[in-house]
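**Student:** Position chains B, C, D, E, F, G and H against the provided structure of chain A, taking the given hints into account.
Protein chains: 8
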Amino acid sequence: MTHLPDQGPQPGVHDLGYARLDTDRLERTGDAEVVYGAGKTPSQVVELLQTLHATHPGSAVLATRLTVEAQEAVTAALPDAVVDPVGRTAVLGEPGVLRGTVAVVAAGTSDAPVAAEAATTARVFGAEVDVITDVGVAGLHRVLGVRERLDAADCLIVVAGMEGALPSVVGGLVGVPLVAVPTSVGYGASFGGLAALLGMLNSCAPGVSVVNIDNGFGAGVFAARVARRSAPRERKDA
Amino acid sequence: MTHLPDQGPQPGVHDLGYARLDTDRLERTGDAEVVYGAGKTPSQVVELLQTLHATHPGSAVLATRLTVEAQEAVTAALPDAVVDPVGRTAVLGEPGVLRGTVAVVAAGTSDAPVAAEAATTARVFGAEVDVITDVGVAGLHRVLGVRERLDAADCLIVVAGMEGALPSVVGGLVGVPLVAVPTSVGYGASFGGLAALLGMLNSCAPGVSVVNIDNGFGAGVFAARVARRSAPRERKDA
Amino acid sequence: MTHLPDQGPQPGVHDLGYARLDTDRLERTGDAEVVYGAGKTPSQVVELLQTLHATHPGSAVLATRLTVEAQEAVTAALPDAVVDPVGRTAVLGEPGVLRGTVAVVAAGTSDAPVAAEAATTARVFGAEVDVITDVGVAGLHRVLGVRERLDAADCLIVVAGMEGALPSVVGGLVGVPLVAVPTSVGYGASFGGLAALLGMLNSCAPGVSVVNIDNGFGAGVFAARVARRSAPRERKDA
Amino acid sequence: MTHLPDQGPQPGVHDLGYARLDTDRLERTGDAEVVYGAGKTPSQVVELLQTLHATHPGSAVLATRLTVEAQEAVTAALPDAVVDPVGRTAVLGEPGVLRGTVAVVAAGTSDAPVAAEAATTARVFGAEVDVITDVGVAGLHRVLGVRERLDAADCLIVVAGMEGALPSVVGGLVGVPLVAVPTSVGYGASFGGLAALLGMLNSCAPGVSVVNIDNGFGAGVFAARVARRSAPRERKDA
Amino acid sequence: MTHLPDQGPQPGVHDLGYARLDTDRLERTGDAEVVYGAGKTPSQVVELLQTLHATHPGSAVLATRLTVEAQEAVTAALPDAVVDPVGRTAVLGEPGVLRGTVAVVAAGTSDAPVAAEAATTARVFGAEVDVITDVGVAGLHRVLGVRERLDAADCLIVVAGMEGALPSVVGGLVGVPLVAVPTSVGYGASFGGLAALLGMLNSCAPGVSVVNIDNGFGAGVFAARVARRSAPRERKDA
Amino acid sequence: MTHLPDQGPQPGVHDLGYARLDTDRLERTGDAEVVYGAGKTPSQVVELLQTLHATHPGSAVLATRLTVEAQEAVTAALPDAVVDPVGRTAVLGEPGVLRGTVAVVAAGTSDAPVAAEAATTARVFGAEVDVITDVGVAGLHRVLGVRERLDAADCLIVVAGMEGALPSVVGGLVGVPLVAVPTSVGYGASFGGLAALLGMLNSCAPGVSVVNIDNGFGAGVFAARVARRSAPRERKDA
Amino acid sequence: MTHLPDQGPQPGVHDLGYARLDTDRLERTGDAEVVYGAGKTPSQVVELLQTLHATHPGSAVLATRLTVEAQEAVTAALPDAVVDPVGRTAVLGEPGVLRGTVAVVAAGTSDAPVAAEAATTARVFGAEVDVITDVGVAGLHRVLGVRERLDAADCLIVVAGMEGALPSVVGGLVGVPLVAVPTSVGYGASFGGLAALLGMLNSCAPGVSVVNIDNGFGAGVFAARVARRSAPRERKDA
Amino acid sequence: MTHLPDQGPQPGVHDLGYARLDTDRLERTGDAEVVYGAGKTPSQVVELLQTLHATHPGSAVLATRLTVEAQEAVTAALPDAVVDPVGRTAVLGEPGVLRGTVAVVAAGTSDAPVAAEAATTARVFGAEVDVITDVGVAGLHRVLGVRERLDAADCLIVVAGMEGALPSVVGGLVGVPLVAVPTSVGYGASFGGLAALLGMLNSCAPGVSVVNIDNGFGAGVFAARVARRSAPRERKDA
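Protein chains in written order, with full-length UniProt numbering: chain A, 1 to 238; chain B, 1 to 238; chain C, 1 to 238; chain D, 1 to 238; chain E, 1 to 238; chain F, 1 to 238; chain G, 1 to 238; chain H, 1 to 238.
Chain A with its partners taken away, still in its complex shape:
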C-alpha cells in the first residue's frame, strides 16, 4: 500500500526507482550531482556512482559519507574508483584540468575526516589542493609558520572543532576568502559542534563565511568554485 504511481519520464531526471538523479545539474550549474551516501545501501552507492560516471564520462564523480560496507562494495565493484577511508569518500573518473588552489587548514588531528572530505571534494570540483594539518591556536607558532602557504591560496577552508577559534586567527593574517567548517569534535558544552559553529559565525575577522557542522563537502564545493574562477596571481591582492 505504498501508493507510488508512475510519474512518467521527466526531462533532466534519471529515475532509478529509489532515487531520481538531477542530470541537468551539470548544464545548469557547471557541476554534476553527487552521491550522498548516508542512508543508502552499498549496492545503491555502486549503481549511483556507475550511472553518474556513465552520464558524465569526462568528469570525476564523487560519493560521500560512505559506511565501511559501502567503501568495500565500491572497491570490489569499481576497481578504478579511489576510496579514502579517512574522509569516507569514493571518486570515479578524473577531474580534468585543475585551476586555482584551495588550502585546507585543520586545527587538530580529530578534524582529519572533515578536512579529508573537503580536500577530496575541492579536487573533484576542479581545484588544486594544499592540506595543512594540526595548527591549533594553542600553539600559534604552527600557524604563523605556514603564513606563506595560506597567502598563496585562492580560497581557504579552515576546519576546527571545540571553540572554533582558528578561522579568526587565520582570517586576521591574510585576506584570502575563507570558508570555515565547524566540526563536532569536543564534548560537554560543545553540544555537538554548536560552540564551534557559533564561534565562527561571530568571528571578529572580516570575510569569514561558514558551512554546516562537519560539512567538508559543502566547503569543498564552495572553495573550488572560488578558486577555479580566480585570475592567476602574482602577489598580494589589490
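Hints are computed from structural coordinates only; laboratory data are not their basis. Ideal Cβ positions, reconstructed from N, Cα and C, are used throughout, including at glycine. One or more of the hints may lead you astray.
[What the hints assert, rightly or not] Some chain F residues near chain G, calculated using beta-carbon distances under 7 Å:
1) Glu72
2) Thr109
3) Gly145
**Tutor:** This is chains B, C, D, E, F, G and H only, laid out in the frame that chain A set:
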C-alpha cells in the same frame, strides 16, 4: 581608579585612547580596517573615519551600523562622505578601480537594510555591485526572471529572513559562489533570525556558505574578495 | 507492589490490561483509534489490531511505527494485513469509499519513510492519494513539472528535511491547503529536524500549517479530513 | 551609494519602489497578496491597500499588524476601510460570497488579538466565521458547552498561550480539521510562546496542525481555504 | 594514583568505600536515604539495600532505576525484597502504618514505568496509593469518569508525556494539591520531555507544581509527605 | 469586523464582555477565581475585583501582577482593598479562618517581589504565613539559624534566583513539603531564570517540586492547599 | 499585607530592613561583602556603602553595577568615594598593601566596561593590576607584542565578546592561570554572549576557567585571590 | 586521494604522521603536552606516551579519556605507567617536587570519574592533592565537617552534577580560589550537565570559576598552576 597604564607606542597600531586602530591590516590582508559604529559616540565615528582616511588616502573607508545621530554628525563634519540611511553606512573616499561583480539578492522589502549594507561594503572593498530586490520564493517567477543576472555575477550575496529559503532556490539555479545572509526579519519561532540561519546552514543546494544574522558587512567583504580576484568570464564556468 | 487496583468497566473504553482502547472515538470524531507501535511488543500490536478490527469491521484499522519484529509478527498472525516496510505501517481491513485526493510531495529519497506513513494514513482515513517524490528545491524543474498534479489535489502534504524549503515553494505555486512535515533528515545544525521545523513555521507562503518532526501520521489524518469533506472541483479554487 | 539599478518592468509584478507587489498571485493561488504592516510606514500601508484594491476591485484586501499610527492613517485616508484595533487589521472592499464556516476558538482573554486577526483573515479569504472565546481547559464546562458549535464548523482555529492544551482537548472532542495557533501569552518558562508551540506540535489528539506563534493570519488563510472548499454537510463526517 | 586518602569516621555517615550513606537523614527529615540505582553495580545495590535495611529495621527501604541485572541480583540475594520490573524498583521491609492517599494518574500506557515508580515510592514513604491509568485528554470521558477518585485523594501525581496537558485538565476539575511529572514519551519536537515539562510549568490551572522529567521518585516523596500529614477529610476542602 | 457573535448565558460563567469569569470554580475546586492583572486595564481590574467580591462575599479575592496605574485605581475605587506595591497585589475581603502555616523563604533581597506575591497568595488561600528573607547559601549561618522555623511549617515555599541552590540546602535540612520558585534575578547565563529553574528541577534533595519562573502566585496556591489540609502537628513528622 | 514578621537579631547579620548584610564574611572568607547595585535605589547604595565602610574601616569596600543616578548619589554623599563611570563602580576606603599582579586583557574597545569592573575589583580585593586593551585575535601582532607582560602576571583575566577566541590564544602563549570573561558584545548568533561563553568553555588551551557573561566582578575576585597568595616569582614557572 | 603533501620539519613540532606534537609547550608555558585519548587507537596512545616521556624525561606525562582497550595496551606495553580505571588516565614518569595543595571535592559517588581525572591531573601538574568525596548539599553536616581541610588548600576543585549547588556552598564557607566542574550526572532536565553548568556560572558565591562539563583535566591543570605558585601559608588569607 580605572588603572589604564601607558602601553607605549606599538608598531602597526594607532592609539586614539578609546580605540587602537590596526593600521597594519591593509598591508597584511589587502583591506583597511573599518569603523564598526555600534556603541561608539558620533564624534568618535567622525574622528575614526577621518583618521582612517588620512592613513589610507587612496582608498574608500567605511563606517557601519551608524545611529541617526552618528549619520548626522558625519554629514555635518565630513561633507565628502556618502551616508546611506537605509544601510546605516558612511563612506569616505573612492574605492579605486572596481573588478568583478557581486550580485546582492534580497527576498523581501524588510531585508533592504542588510542588503544595502552588503552592497555598499562590496563596493568599498573593490567590486561592482548589482542589486536585485524582492524576489521571495513564494512568487518564483520573480527569481526565475533574473536568472541571467544571477549567472553573470562573480559572487552572489543572498539575503533573506523568515525561513531563509531563497539561497537554496538560487543555489540550485546557478553555479556561482553564494554567500547567504540570514536576517532577523520575522517573529515568533523565527527567534531573531535563528530559523533563517539554521535553514541556510542546512541548504540542500551545494556551495552555499553563511554569515552571521544581519551581517551584510561580512558578506560584502567576503564576496568582494571573491569577485575582484575572478578572471574575466565568457560564459558558463568550466 | 505495582498497586494497579481494579478500575471497573467504563463506557467507551475497552480494557486490555496494558492499554485501554478509546472505543468511543469513531462515534465522537468520525475516525477509529490507531495502534501507535512505538514501545509496544509484537504480540501487543497483533492483539490491538485484531481488537480494533473486530470493533470496527467496516473500516480499515492502522498500526504505525512498527519494528521489524512487529511487522513480521503481524504478517504471520494476520495474513490479510498489508504491511509496508518503508513506512513501517500495517493496515487491516478496507477503508471504504475514498473521497477527495491528498497529494503527498517529498523533497528527497531519505524522506520516503515519512512520506509513506503519510500516504498510507491518508488512505486509511478515507482519501485518494497521489505521491510525488524527489522534487527538492535545488532542482526547481522537478517541482515546476508537477504543478498540475499539485493544483488538482484537495489537500497537500509536503515532506522535507534539511532546510525544509519545499513548502514555501509549493505554497507559492498553488492555493491548495498545505500541511508541511519536517523530517529529521540532515546532520549537524539540523538538530534532529529542528531546522526544517522552524523553517516551515516561518514560511513566507501563506496558508502553510505544520505538524511534528517525522509525523507523517498526523499529516495524513489532517489531510484526509480536509480532502474527504471537499466538494468536487472543476478548476481553480473560487 | 545604495546601488539600486533599474530592474525594468516584469510581468506579474507591480513596482512601487519600496516594494514589488506580486499581482499574479490571485491568478496563481486564488487569493490576492496581503499588506504585512510590520516595518512599513503609515503612508506605505495606505498606498499599498489602495493599489491592491485597484488591482482587485471585486475582492476584499487586507492589511495586518498595523501600528496605531497606521490604523489612524488608514481611517483618515480610506473612509471605506474597516479597521479593527484589537486585531490590528484593516480591510478594504467586500469578500464576495462566503462559503463554509471557520470556528475561531480562544482559550483566554489575552489571546483576543490573535483570535481577531484569524477571524478577520478567514472572512476576507472567503469563509463565514464563528468566534468562541475564553474557553480555557482549567474550566472544562465552558468548552464542553460549545461542542455543537465546534462540530458544525468546516475548519477549527484554536488559539491558546501558556501551555497550549486547548487543541488537544478540542481535537479529542470532534473530528473537524483543526489548526492550532500558539500565542506569546505567558511569562517565564513560556519563552515567548515556545511552550505553547511545542505543546501543540506534540498534541496527542490526531489531526492537529500548527502555525507560527501569534500567526492568526496564517491560520485564517489556511482555514478559509479548507472551509470554502467543503461540501455542504448534514451531520457527522463520514 | 587515585589519591583517595582516609577521611576517618564522621558522625551521621556510613562509609562503604564507594559510597558514604547519610544515616542521619531519617532523624533530620523523617525519611531514610534511598538507593539510586543508576550507575551502580548489581552487588552494590544489594549491599546498599541490606545496609539501609539493617540501619532502619522498622521502615521499608527503596532502590530505584535498577537495571535488569540489578533486579535479578536483588531477587536472588534478598528473597524478601519486592521487585517491580515495570517501575524498576525494589523494596525491602514494610512501610508501617500508611496515612492519607496519593492518587497517581497517568495519561498513556507508555507512561506506566514512571507512574509505577511514583506509586511504589509514595507507598514506601508512608501513603496509601490509588493508581488511575490511560486517561489522556484526547478522550475526556475517561478522566471525567474518575472525578470522584481524584477528589478523594490528599495529593495527586499526574504523569504525562507528549504535550503534557493532563495536569491542566485535572487541576481545573479538583482543588487537591497536584504534582505533575513530565515524561520523555514522545518524539521529534518533544525534545526528550522538554515539551511536556514546559507545558506543565505554564499550566493555566492554579496549584500545579512540577518535578524533573521522568522523576516518578521525586513526585512520590513529595506527595507522600503531603498526604501523610493531611487531616482526615469528610468532603470538599474548606 | 471583529465577528464576536452572541454566545448566550452559560451556567458557571459570568460574562463581562472582555472576560468570562469561571464562577463555578469555588464550588468545583474550593477556591475562587483570581484576577491576573497582566494585560488588563486599571478599570478592568477594578471591575473584576468588585465582581468577584460580590460573587464570593465571604472570602478574600485577589488580583496579581498589577501595574502602578492599576494599584492606584484600586486604591482610589476600593478603599477596603489592601494593595501591596512590592508584591504588586491587591486583596479585597477577609480570608476567613487560617489553617496551617506556610513558610516563605527567600534567598536575596531582589527576590522580595516574588516572595511577597507568594506570601499574600498563601494567606488569601487560607494559610498562616511566616516570611524568612535574605538567607542565601553563600552565608549558610543565616539558613541554619532558622532551622526551627522551617521545621515548624506545614509547607515551605523557597524563592531563589541566580543558581537556585537554596531549595537543595533547605530540602536536606527538613522533611517538610517544599515548593521551589525560581526567579528571573540574575544576568548573562541566567537566561531570565532558566538557570535557577533547571537547578531546582535537578535538586539532589528529595521532595522538591517547582513552579514557573517568578510564579509566586502558583506556589502560594499550592502551599496553602497543602497547609490548610494538614493535621495539627506536635513535632517531627512520622 | 506583606507579612514580614520580626526575625530578631542574628549573629553575623546586619539588618537594614531591605537587606541583611553578611558581616561575618570577612572573618569567614578573608573578604568583605560587596554592594551589588542592580535593582537597588541610589540611597540604598549610599547607605550600604557607608555601613560596610563603618564595619570594615581598614579595607576598601566596593559597589558594582551602579546606574548613573546611583553614581551621582555616591559622588554627592560620599566625597571620598572613587566612582568609575566606565566600569560603573564605586570604591570607598583603601585596599591596604597590594600583593601579586593581575593582568586584565581585553579584546576590543566594547569590552572596556567589563574589563574596568574586573580591574577595579581585583585591586579592591588586594592585587596590583596591569590593564592591556584592544588586543583582538584578528591582529595577532598586538597580543604577541605584550607577551612579556602576560608572562609577568600572577593571574590573567581575559575579556572578550563575539567568538571569544582570545583566551585560547593567550592560554597557548603562557602558563599563567587564566580566567576568561565572555561579554555580551556582538549581535545575531552571539545570543547575548552565549557564543563567547561556549567558546571559552571549549577552549583548546589547557588551564582556562570561565565566569558568567559580563561578570568582571567575579573574575576580579577570583584573580585577586590567586595573585595575592602567589609567591614572588623570578622567571618562568617551575 | 587524501592530498597530504609534505610539510617539512618545523621547529617546536614532532610529527608522528597522525599527530604533530607541540614540543615547545613545556618551554613556553611550563607544562608539557598531554595525550587526549578520545578518538585515538590504543597503539597511538602508547606511542604518544612513549614519545612525550622520551622528550620530557624529568616530568610525569599524562594520557586522559582512555578506553578500556587503551588502558590495557598501556599496561601491557609500559609497565612503569600507572593506570587508573576510574579516572581513565595513565601516567608515565614522576612529577618532581610537589608544591601547594589542591583539594578535590566531589558531591556524589557518580562524580568519582571526573574527580579522579582532576586529582591525577593536578598531581601530574605539580601539586599535592587532597580528595574529599560524597559531600552533597542535601546533607550539609558532611561538608561542614570538612571545613578545615577546605580552608587549608591553596586551590579547590569542586565537582558536582545535577543542580551543581556545591560550589556555592563551599564558596561561601572559605575564601580559597575555587574551580567548579559540572558533570553530566543526572537525567531529564539536566540536559547532559547543562543544568549544573548554568548553576555554577550563576553562583552567588564570589570567586567561583567554571570549566567545561566533565572537564576534570582542565580543572586539574588550572588548580595545580594556582597551587604550585602559592606562597606557604600560616593561617587565614590576608
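**Student:** Under 7 Å, Cβ to Cβ, is where threonine 109 of chain F needs to be relative to chain G, so tell me if that hint holds or is violated.
**Tutor:** 5 Å, holds
**Student:** With chain G as the partner, please determine if glycine 145 of chain F meets the hint condition of a C-beta pair closer than 7 Å.
**Tutor:** Interface hint status for glycine 145 of chain F: holds (5 Å vs cutoff 7 Å).
**Student:** Does glutamate 72 of chain F pass the interface check with chain G, least Cβ-Cβ distance below 7 Å?
**Tutor:** 17 Å, violated
Checked against the numbered hints given earlier, this structure breaks only hint 1.
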